[in-house]
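A.B. asks: Could you fit the two chains together into a complex? Lean on the hints.
The residues making up each chain are set out below.
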Amino acid sequence: MDPPVYYSKAEFIETDTGNKVSRRATIAGPQNIILGGKTIIASGAIIRGDLRRSGTGHAVVISLGRYCLVGEGCIMRPPYKTYRGAFNYYPMKIGDHVHIGANSVVEAATIGNHVNIGKNCVIGKFTIIKDCAKIADNTIIPPNTVVPALALFSGSPGRFVEDLPESTQEVVESYTKQYYTRFQPLER
Amino acid sequence: MIPSVLYHCPCLSTSPVPPPPHLPSSSYCFHPLYTLFFCEECDAIRCNRCVSVEVSTYYCPNCLFEVPSASVRAEKNRCARNCFMCPICRNTLTVVASDPPDADAGRLSVPVSTVGEPPFYLYCNHCRWDSAEVGITFEKPTGLAAQLQKHEDSAPDSLEFDRLKEHFEPFIRSSLAASSAHPASTVHPSSAAHSHHLYSSSITAAASAALARDIPGVSKYTPLSRSTSGRGGRDRSVNKDEMPEYRSRMDITTASTIGTGGGEADVEFMKHIETINEVASLEQRWGSSWVTSLQTRDLKPLRIPLHSKRSKRCPVCTHILIKPEQKAQSVRYKIKLVAANYLPAITVALPHMYPTTETVKRALAKSSAAANDRLNAALHPGETYAFHLALTNPLYDPIQVRLATPRVHATNTSTANQEKSRRPPFGVSLPTSPFTVAAFAEAWEYDEDEDMYWTDEEDLGGGGGGGAKSVRDRDARTKSRTKAVGVLEKRANTTIVGGEIIIGKEARGRLMFIMLVQYTYRSDDPVPSESNEGEGNEVKGNTGKGPETKTFEFYTVVDLGEIEG
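Protein chains in written order, with the UniProt record's numbering: chain S, 1 to 188; chain D, 1 to 565.
Extracted from the complex, chain D is given alone in its bound form (with noise of 0.2 Å):
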C-alpha cells in the first residue's frame, strides 16, 4: 500500500467541507490531481464528475478512421469498413485467405492474386473462432460491412426497427420543426432539446409550429404549460386516436422460432443442453445491437463500436476546458486547463519504508530485482511515525503555503459522534507557520544535472560533489532530523516538509486525514468582481504592499495506509 494524496473536488455542493475520507461513501469526491481540472473563470477545481461532456470526434478504435459525425448515425455508431470483434472474446478480428489450391497437384503454385484465394473468412487470433462457423465468408478481403449489410438490413429486428422509425417519423419531423420555429424563444436553455417530449403528439406540434409562424408573440407561450395543465391531458387523450396504431411487422408470439430468442424455442434448448460452453454469456450477448440467440454457435460477428473524443466544460460558466486536437490519434489539445498546472503537486511518503542505502547495498550484493523494493514495514498502533510532505509549485510565481488539519466531523450530527468512536484515534502535527515554495522555473525542466536534482538550498552555493555523494547528505541529514515537524528541505520548486503521526493504542483500519491546503499567490490581473460564484474557496487578501496576492483553498485527503495490529 503506497501513501497517498487525494484531492477533494466540491462538484457544485454548497459545503466546501469534504466529507468523511475513511467512509466508502466518500471516494466519489475524491481524485488524483492529474485527473482534475481547473476553471480560471470561476477559480475552482472541476472533476470528470461535474464538467459537462461533448464529443468532438468519433473514430474507430481499431482503424482509426475517423468518421464524420454526419454517418455516425446511418451506420448505428459501429465502424462501417473492416472491423469486426470477435462474438466469443470480443478480440479483433483478422481477414484470412483459404488455403491456396493443392500445391502437390503436380504444377507450380502461382499465387492468383496478392492477397490470396477467395473465400475469405474472419477469424480470431486469440479464441480461434472463425466465421466460417456462422457460414459467413467474404468474396473479396475489403469492404466486409458492406458486403455484411445485406444480412444485416434482413434480420427480422433490424426490419421491426426501421418500420418503427418509420411510423414515428412525421410525428419527430413535426416536433423538430416546431422547436426551431421559435429559436429565440427565451424559455429554459433545454427546453428545445426535450420539446419533442413535451408535445403529446405531432398534431399540437405542427400546430404550435404554424401559430408562431403566423402570429407574432405566440412563440413566447410554452407549451410546457399547457401540456400541464388540465387540459393538456384531454389533449392527449382527442389525439391518442390521431396517431395511426402501429402493428409490427410480425407476431411477437411466433418471434422466438426465428432465431431471436425468447419462448419456447430457448426452453427447448435449455432442456437439453450439454456443456455449459454452449449457452452465450451475458457478456457475448450483450454488446449486440438486437435480441441474440442464447446459443453460442449462432454468435454473429459484430461491427466495432467507435470511440469518440470529448471536450469538457466546466458547468458554472460553460468555458472550455477541454478541447482535443481534430485528428483522432493526436494527444495534442487546443484547450487544456488542467489543475496540475495550477495547484501545487502534493506528494507523501513514510521515510522508514525506504530501504536505506546499507540495507540496498547488501541486497545487491546478493541479487539486483529486489534490492531496491520498499521495505514492507507496516504501521503499528502505539506507535509514532514521520512522514514527508513534498509540495510541488507549478506557478511561475514563489507561493505562501499554510497546512491545516480540521477537525471537520466533530461539529457534524450525532452519527459522526458514533463514527468518532470507531474512527482509529490518532494525532497529526503538521508544521503550523506558512512556508514558502519557490516558483516553476522553465529551465529546471531542461537542467537534467544530478547534483542538481538532490541537493539541499545549502549546498546550492557550494556546488560540487557527485550525484551520489549528496544522496548519501541527504539521507543522513533527514535521518538525524526524524523527529522534526517542519520545512526539512528545499530544491527548486519544491519544498519537502516533516509531519509526525501518534498512533493510539486503540488505532484499527485505514490511516486517513483530511488536510487544508492554502496557498498566497501574486495575482497579475485585477481583482475580479464577480468571483467566489458558485463554490470557489476565493479569499481575497491585500497585504497592502505592491502587487496583489491572492489565496486560494483545497481540501486533501492523506493516505498514509493500512494499520495492522
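Excised from the complex, chain S in its bound form (with noise of 0.2 Å):
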C-alpha cells in the first residue's frame, strides 16, 4: 500500500545479493565490513571498517545482517576501551532485519534481529540491545547498557519505558522487508 522511496539509479550500487550502498557513504575499510544482503546504506552515512583490532589477518570489523537499513547521516564506529594498559577496538555485530534512523550515531557491541533504532540517537559504546527491541527517536543509550528483549527505550539517558507487544517480531520483519521491495531506483 505504501507508496515506493525512489532513490536516483546513478547514486546508488547494488551488490549481488542485493545489498543497496549510496555512492555518497563513506566505507572505510570495506574489506573489514560485512552486509548480509538486501542491506540498505544511505547516502552521508559513515561505515568504519577501518578501526579494527590491532594485530594481523583478516578481522571482521563490522557485520550487519540482512534487510538493515543504514539512514542518512548515520556514523557506526566500532566500540573500543583500554584493557590492561592495551588500547583496542571490539566488533560490531547487527542482526537481521535492524533499521537506524537518520543521523544517529551506533558505537554498540551487539545489536539482535528486529531492532528499530530511531532518528538522533546515540547508542554508546559496548552497548548490547537484545532482539526486538526499540529505540526511540532522540534517545541517548550511555555506554555499557543493556536493552533486554522487546522493550522499549527512550530519554536522556535512555530508560525503559515499556514492553512492546508480542507481534512485533512479524510487525518488523514485514516492515523491513517491504521497505526494501518499495526502495526503487529512478532513472533520470
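Hints listed in this document are in silico derivations from the structure and should not be mistaken for laboratory results. For clarity, every value in this text was computed on a predicted model and none was experimentally measured. Where hints are given, some of them may not hold.
Examples of chain S residues toward chain D, derived with CB under 8 Å [unchecked claim]:
hint, residue
1, 3
2, 6
3, 27
4, 130
5, 138
6, 142
7, 143
8, 144
9, 148
10, 149
11, 152
12, 157
13, 159
14, 167
15, 169
16, 175
Cross-link-like lysine to aspartate or glutamate pairs, in silico, EDC-like; alpha carbons within 20 Å at most [stated by the list, open to error]:
hint, chain 1, residue 1, chain 2, residue 2
17, S, 81, D, 54
18, D, 334, S, 2
19, D, 323, S, 2
20, D, 490, D, 506
21, D, 336, S, 2
22, D, 334, S, 163
23, D, 150, D, 75
Every residue gets a Cβ at the ideal spot worked out from N, C-alpha and C, and that includes glycine.
C.D. replies: Next up, the structure:
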C-alpha cells in the first residue's frame, strides 16, 4: 500500500546479494565489513570498518545482517576500550531486519534481530541491544547499557518505557522486507 | 499526521457498538491491530486491557539473569547480583577500580590483578555520579549486592519492616492454613486468595480450620457470611484483644533525626537550600523502597527492579492467548493467538498526499534527502478527497468482505445530538457490494520478486515488465480512476478499495469515522453449539451449498487526519 521510496539510480551501487550502497556514503575499510544481503546504506552514512583490532590477519569489524537499513548521515563506529593497558577496538555485530534512523551514532557491541533504532540517537559504547527492542527517536543510550528483548527505550539517558507487543517480530520483519521492495531506482 | 485504522475491542462490554471515536475518552477501546489478541474459543477480539495476566518468568533487565520465583520475594523484587541504578539519573552503574598506585614512583607498575585495584566503587557513565560520594566502596568487584546487604538490612526502615512481618506472621500462617484446609470448597473462586482478608483474626482462622478438618461438611460453611453478619462484629471486638499490640522499634517522633525524612530535620534543611539540585526530585525518591532523605547527596544506589515475562489469558474462557518461552531473552512464544492472524489487516492512505514520480524525480535532482517525504497536503473543508483502503487477508481461505459506515451516534441520547452538531459534517462513500480478498499463501512470503509486488491482477498473465515500469503503470491507472469508489486493485492476498469523503464547508477538527467490517470465510470446524457466549459478534450463515461459512464482524475507526480550515 505504501508508495515506493525512490532513489536516483546513479547514486547507488547494487551488489550480487542485493545490498544497495550509496556512493555518497563513506565506507572505510570495506574488506572488514560484512553486509548480509538486501541491506541499504543510505547517503551520507559513515561506516568505520578501518578501526580494527590491533594485530595481523583478517578481522571482521562490522557485520550487518539481511534487510538492514543504515539511515542518512548515520555513523557506525566499533566500540573501543583500554583493557590491561592496551587500547583496542572491538567488533560490532548487528542482526537481521535492523533499521537505524537518520543521523544516529552507533557504537554498540551487539544488536540483535528485528531492532529498530530511531532518528538522532546515540547508542553508547559496548551497548547490547537484544532482539525486537526499539529505541525511540532522540534517545541517548549511555555506554555499557543492556536493552532487554522487546523493550522500548527512550529519553536521556535512555530508560525502559514499556514492553512491546508480542507480534513485534512479525511487524518489524514485514516492514523491513517491504521497505526493501519499496526502495526503487529512478532513472533520470 | 499519517492516516491510520484502529480496531475496536469491546472489552466484555455488552453492547458491541463502539463509543464515538472523536471523543478523547473513547481512545481506550481503539487499538492498532498488532496489539490485539484473538480468542478462538470465544471467537472474539481481546486487548491488553481485558486479558488476565500472570507472570511466567522474572529476570533482571541488566544482567538478564532469570530469577527463580522462589527467591524473588527474598530479594525484594530487585536484582541481587551486580546491577545498580544511578540514584541521580537512573542509568545503570558500572563497577570501576581505583586508580593504580602511582606509576611515577620509579618501579615498573605490575598489574596486581586483572580486575584492578581495590577499593571498587560504582560509577555512572551518564551523570558521573559515583558511590564514593555517599561512602560506599567495595573490597571486591563481584557480589556487590551481597556486600551491600549489611547496610540494607541494618537500615531502620528495613528493621521496622522485618518486625512488622514477624508480628503478622502467625496471623498470615494460620489464615493460609485455613484456606488450604478446605481447598475443595466450591464457593467463590477468588475467596481462597482473599480469605486472609475475611478472617477477622488469627484465632477465628485457626478455629475454622480445625472445624473444617474435624467435622465433615463444615468446610462448605463460608466464613464470609459470618463475618458480615451482626455476630461478626462482636467477634472482631473480642478478637482485637487476642491480637498483641504492635510496638514499633523506634518512636516515630524521633525518626526524622536518623535521615528518613520528615519533621524538623527537613524543615531545617529546606530553610537553608541554595540550589534546587540539593533537593532530590520526586522521581529520584519514589523508586526507592523506603522513605528516603530529601537531600540529593544522601541518595543511595538502588538495586535494579526485576522485569517479568507474562502469559495472558482470555478473561471469559481462561484459555491461554499468550504463553512465552521460558528463556528470558527469547522472543518466541509457545502459544500466541494474535488478532493479526485472524482479522484482515486494513491500512488507509490518501493518495493526494504521496508525491508523484515526477515530483520525486525533480527533487532527486536537487538533493536526495527529502525527495520521498510525504507532501504536506492538508484536508480542506468543502473539498472531496479519495482515499484507499488496503485489506490484507491472513487466512488460508479467501474471504468476502463487506464494508459499512454505521450511523451509530444518531440513535443515542440527547447529548449525542449536541455532539453531532459539533462533529465535522462529512459524508463517506464506500463500496457497498461485497468483494473478495484472496487467500494468504505461504509462497508469497518467499517470493521476493519485485515484479510480483506491484503488478495488478490483469498483469499477472502477461508477466514481464520491469518493476519500475509497472509502478508507473499503476500510478497512471490510479490517477485516471481517482474518482472511483470500488475495488481498485487486487494483488496477492491484498485488495485495495477506493472510497470518497466529502468534507462539509463548516467542518473542523479530526476527520474520523467508524467503519464496520464484515467478512465471511469458510469454516472447517462444525458450528459450535455454545458460541455467541459473551460479546462475540458471530453471525452464522449457511449458504446451503458445500462448505460451512462463517461471518465475523468488527468495528474499526478510520482516522484521516486533521481538517485545516
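A.B. asks: Would you mind marking each hint as holding or not holding in the structure?
C.D. replies: Do the hints match the structure? See the list:
Of the supplied interface hints, the one on residue 3(S) holds, with its beta-carbon coming within about 5 Å of a beta-carbon of chain D, less than 8 Å. With its C-beta approaching chain D no nearer than about 5 Å, residue 6(S) sits inside the 8 Å limit, and its interface hint holds. Given the 8 Å rule on beta carbons, the hint for residue 27(S) is violated: about 17 Å separates it from the nearest Cβ of chain D. Proximity of residue 130(S) to chain D holds as hinted, the smallest CB-CB distance being about 5 Å (cut-off 8 Å).
A cut of 8 Å between beta carbons decides the hint on residue 138(S): the least distance to chain D is about 15 Å, and the hint is violated. Below 8 Å, beta-carbon pairs count as interface contacts, and residue 142(S) has one with chain D at about 4 Å; its hint therefore holds. Among the interface hints, the one on residue 143(S) holds; its C-beta lies about 5 Å from the nearest C-beta in chain D, closer than the 8 Å criterion. A hinted interface residue such as residue 144(S) counts as satisfied when its beta carbon comes closer than 8 Å to some beta carbon of chain D; here the least separation is about 5 Å, so the hint holds.
With 8 Å as the threshold, the beta carbon of residue 148(S) comes within range of chain D, its nearest partner Cβ sitting at about 5 Å, so the hint holds. A least Cβ separation of about 5 Å between residue 149(S) and chain D falls short of the 8 Å threshold, and the interface hint therefore holds. Contact between residue 152(S) and chain D, as hinted, is not supported at the beta carbon level, the nearest pair being about 12 Å apart and thus beyond 8 Å. Interface restraint check: residue 157(S) against chain D, minimum CB-CB distance 4 Å, threshold 8 Å, status holds.
Interface restraint check for residue 159(S): the shortest CB-CB distance to chain D comes to about 6 Å, inside 8 Å, so the restraint holds. Taking 8 Å as the C-beta cut-off, the interface hint given for residue 167(S) holds, the closest approach to chain D being about 5 Å. With 8 Å as the threshold, the beta carbon of residue 169(S) comes within range of chain D, its nearest partner Cβ sitting at about 6 Å, so the hint holds. Proximity of residue 175(S) to chain D is violated relative to the hint, the smallest CB-CB distance being about 11 Å (cut-off 8 Å).
Restraint check for residue 81(S) and residue 54(D): not satisfied, since their Cα atoms lie roughly 42 Å apart, outside the 20 Å limit. Taking the CA atoms of residue 334(D) and residue 2(S), the gap is about 32 Å. The hint is violated against a cut of 20 Å. A hinted pair counts as satisfied when its Cα atoms are at most 20 Å apart, and residue 323(D) with residue 2(S) does not qualify at roughly 33 Å. Proposed proximity of residue 490(D) and residue 506(D) is contradicted: the alpha carbons are some 36 Å apart, above 20 Å.
Between the alpha carbons of residue 336(D) and residue 2(S) the distance comes to roughly 28 Å, so the proposed pair goes past 20 Å and is violated. As the CA atoms of residue 334(D) and residue 163(S) are separated by approximately 18 Å, the hinted pair is consistent with the 20 Å bound. Restraint check for residue 150(D) and residue 75(D): the C-alpha separation of about 13 Å stays at or below 20 Å, so the hint holds.
The structure shown violates the earlier hints numbered 3, 5, 11, 16, 17, 18, 19, 20, 21.
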